[in-house]
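> Residue numbers (our numbering), protein chains in the order written: chain A, 1 to 306; chain B, 307 to 560.
FYI, nobody ran anything at the bench for these hints, they're computed from the structure.
Keep in mind that a hint or two might mislead.
When the alpha-carbon atoms are kept at most 30 Å apart in a straight line, the in silico DSSO-like pairs for lysine-lysine are as follows [what the hints assert, rightly or not]: (1) B/Lys-447 <-> A/Lys-221; (2) A/Lys-129 <-> A/Lys-48; (3) B/Lys-316 <-> B/Lys-521; (4) A/Lys-211 <-> B/Lys-373; (5) B/Lys-373 <-> B/Lys-447; (6) B/Lys-522 <-> A/Lys-221; (7) A/Lys-211 <-> B/Lys-447; (8) A/Lys-129 <-> B/Lys-524; (9) A/Lys-123 <-> B/Lys-442; (10) B/Lys-521 <-> A/Lys-277; (11) B/Lys-524 <-> B/Lys-508; (12) B/Lys-522 <-> B/Lys-442; (13) B/Lys-424 <-> B/Lys-442; (14) A/Lys-193 <-> A/Lys-21; (15) A/Lys-48 <-> A/Lys-193; (16) A/Lys-8 <-> A/Lys-211; (17) A/Lys-193 <-> A/Lys-7; (18) B/Lys-316 <-> B/Lys-522; (19) A/Lys-11 <-> B/Lys-442; (20) A/Lys-31 <-> A/Lys-170; (21) B/Lys-524 <-> B/Lys-442; (22) B/Lys-447 <-> A/Lys-123; (23) A/Lys-48 <-> A/Lys-170; (24) B/Lys-508 <-> B/Lys-521; (25) B/Lys-522 <-> A/Lys-277; (26) A/Lys-277 <-> B/Lys-495; (27) B/Lys-522 <-> B/Lys-373; (28) B/Lys-424 <-> B/Lys-521; (29) B/Lys-424 <-> A/Lys-129; (30) B/Lys-491 <-> B/Lys-316.
Please read all numbers here as calculations on a predicted model, not as lab measurements.
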Amino acid sequence: MLNAIDKKVLKEVADLEGIPKGAYNIRKNGKLEGREVSANINIETNEKGDGIVIDIKPGTVNESVHIPVILSQAGLHDVVYNTFIIGEGSDVTIVAGCGIHCGSNESEGHSGIHEFHIKAGAKVTYVEKHIAIGEGSGKRILNPFTKVFMEENAQAQMELTQLGGVDEAKRVNEATIGAGSVLLITERVMTEKEQSAESRNEITLAGTDSKTNIVSRSVIKGSSSQDFYVNLTAEARCYGHIECDAIIMDNGINQTIPALRALHPDAELTHEASIGKIANDQLMKLMSLGLDYDQAVNRIIQGFLR
Amino acid sequence: MLQLQNIIFKVPASDSGKEPQSEQTIINDVSFTFEQGGFYAITGPNGSGKTTIAKLIMGINALTQGKIIFNGKDITSLPINERSNAGIVYGFQHPARFKGTTFRDLLSISLGSDDEEKLVNIISRVGVCSMDFLDKPVDSKLSGGEIKKIELATVIARNPKVAIYDEPDTGIDLWTIGPMVDLLKREQKENNTTTIVVSHNKTFLEAADTLLLIKKGKIAYTGDLAGAMPMLEDLSVCTFDELCQGENDAQCYR
């Protein structure tokens, strides 16, 4: 049964008021809490018993699957291996995410290893939100690992969000993009207090006319730190762009290291990166519309992390 | 209604050769009263201090000396947002570009409401910017003209008592300048908005009831356009007035 805290966590990570419609798998404190499959989306525990396999039939369109994880058990460090097989020509949305509720001084953590096999012509939107709440002083740790294999002419849009509360996060995204396929990654991370977040991305444009756009938006408050690394490698005629922006507030620190590697003469790779405080002209504009300094800062950050 | 009383604005001199304490005077003892519902154009050569005067009124830059009185109240030390809430709004010459913030966001802040009907109403009222703009991010992808139209809309949406537009025609195509002047005139008439336009554009200068010609941080002339024309024509070609010994002098730089 889901208690009030679980429901709050579910609302935050998956925008769910209760049990979702359609296929879902809810994992709570390392165990299966509930599962529902649909005619086109099958969910099974994997052979090792340490995760699930989500199999989406070819041609499945306009369906979604929710796979939230709730963690509220003191001292638990949950590791899960999930595999997604997105069938040819399907068009689906996957809503994942992990919510930690920490009520004690013991640390709690979750490492989700997600492997995506996106078949030819498939289209997938993957939404992953991480949050941590609770009055406990224990560390909240989230280490997501995402591996993406895209066949030809597939499209994947990945929205990866972590807005506060998480003390330590080490994210790895790896992707191999096939011919004519498009991968869009948007990562939004806000850290505060003494928190730290690291994101490492290894993206390979492997097929002819493959495309990627990697966007990172970081807000670094308090004495927190964030590091963002991307290695974008082109092995064919392709197009890739990296855009990383970091807003530093208070005493935050940031490293942003985008790297472009063209191993093919027709590769077209670009990057733009910026680190700095909130631009003064933005603040002046919003204040000239009647907002005070703090309200103006909040609105700018809200827009930036949207 | 809006009084500038002996305002002075100085900045540290940028010339490294000078003493560290040396200052450069940008606005030098300017006094002027803007009357309720008047249409004013501030013009003058580049670097004369036009934008600085506008920013001093809005509170973006703080006065070095002098006072600004608005409807009988001394607003000299009020921050930007309080001046805005008192009814003064400024349209920037180079509007800020954001990441993620949309025109809808800015307009909602300006209106104090995100009600769809009200947003659509204001866009119709402004006329010069398209409804398609509403969900566009106000970022570097917008053209110079688009962002100026958005800027204009956010000023008008606040129903200001004093609206200051800093070079509103920058980046605007020739065909939009006429409708833009009509819009500002309409807002002035219907809402009795005191309108101050910083501009070099003759269309705006012609539309103004009163023209302020700024030269080297001082008001060189106030009055109608006809009276300013000889000075404007002179300024438009000659920037050597400090060295000038008369047009007919053999050493004339023109």
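> Indicate, hint by hint, whether the structure satisfies it.
Checked hints:
1. Only pairs whose Cα atoms come within 30 Å are accepted, and B/Lys-447 paired with A/Lys-221 is accepted, the gap being roughly 28 Å.
2. A threshold of 30 Å between alpha carbons decides the hint, and for A/Lys-129 with A/Lys-48 the separation of about 26 Å falls inside it, so the pair holds.
3. Restraint check for B/Lys-316 and B/Lys-521: satisfied, since their Cα atoms lie roughly 15 Å apart, inside the 30 Å limit.
4. For a cut-off of 30 Å, the pair hint linking A/Lys-211 to B/Lys-373 is broken: about 58 Å separates their Cα positions.
5. For a cut-off of 30 Å, the pair hint linking B/Lys-373 to B/Lys-447 is broken: about 40 Å separates their Cα positions.
6. A distance of roughly 43 Å separates the Cα atoms of B/Lys-522 and A/Lys-221; the hinted pair therefore is violated under the 30 Å criterion.
7. Our distance criterion of 30 Å between C-alpha atoms is met by A/Lys-211 and B/Lys-447, whose separation comes to about 20 Å.
8. As the CA atoms of A/Lys-129 and B/Lys-524 are separated by approximately 57 Å, the hinted pair breaks the 30 Å bound.
9. Using a Cα cut-off of 30 Å, the hinted pair A/Lys-123 and B/Lys-442 holds, with the two alpha carbons roughly 25 Å apart.
10. In summary, the hint linking B/Lys-521 to A/Lys-277 is not supported, as the alpha carbons are separated by about 36 Å, beyond the 30 Å threshold.
11. The straight-line distance between the Cα atoms of B/Lys-524 and B/Lys-508 is roughly 21 Å, inside the 30 Å bound, and the hint therefore holds.
12. Using a Cα cut-off of 30 Å, the hinted pair B/Lys-522 and B/Lys-442 is violated, with the two alpha carbons roughly 40 Å apart.
13. With a C-alpha separation of about 18 Å, the suggested pairing of B/Lys-424 with B/Lys-442 holds against the 30 Å cut-off.
14. Between A/Lys-193 and A/Lys-21 the alpha-carbon distance is near 37 Å, which puts this suggested pair outside the 30 Å criterion.
15. For a cut-off of 30 Å, the pair hint linking A/Lys-48 to A/Lys-193 is broken: about 38 Å separates their Cα positions.
16. For the hint linking A/Lys-8 to A/Lys-211, the alpha-carbon distance of about 38 Å lies beyond 30 Å, and the restraint is violated.
17. Simply put, A/Lys-193 and A/Lys-7 have alpha-carbon atoms about 26 Å apart, close enough for the 30 Å limit, and the pair holds.
18. The straight-line distance between the Cα atoms of B/Lys-316 and B/Lys-522 is roughly 12 Å, inside the 30 Å bound, and the hint therefore holds.
19. About 29 Å separates the Cα atoms of A/Lys-11 and B/Lys-442, which keeps this hinted pair within 30 Å; it holds.
20. This hinted pair checks out: A/Lys-31 and A/Lys-170 have alpha carbons roughly 23 Å apart, not beyond 30 Å.
21. Distance restraint check for B/Lys-524 and B/Lys-442: the Cα-Cα separation of roughly 41 Å exceeds the 30 Å cut-off, and the hinted pair is therefore not satisfied.
22. Taking the CA atoms of B/Lys-447 and A/Lys-123, the gap is near 27 Å; set against the 30 Å cutoff, the hint holds.
23. Between A/Lys-48 and A/Lys-170 the alpha-carbon distance is near 24 Å, which keeps this suggested pair within the 30 Å criterion.
24. Between B/Lys-508 and B/Lys-521 the CA atoms are separated by roughly 18 Å; this keeps the pair inside 30 Å, and the hint holds.
25. The suggested pairing of B/Lys-522 with A/Lys-277 is violated, with an alpha-carbon distance near 34 Å, which exceeds 30 Å.
26. Simply put, A/Lys-277 and B/Lys-495 have alpha-carbon atoms about 41 Å apart, too far for the 30 Å limit, and the pair is violated.
27. Annotation: proposed proximity of B/Lys-522 to B/Lys-373 holds, straight-line Cα distance about 20 Å (limit 30 Å).
28. A distance of roughly 42 Å separates the Cα atoms of B/Lys-424 and B/Lys-521; the hinted pair therefore is violated under the 30 Å criterion.
29. Proposed proximity of B/Lys-424 and A/Lys-129 is contradicted: the alpha carbons are some 33 Å apart, above 30 Å.
30. Between the alpha carbons of B/Lys-491 and B/Lys-316 the distance comes to roughly 34 Å, so the proposed pair goes past 30 Å and is violated.
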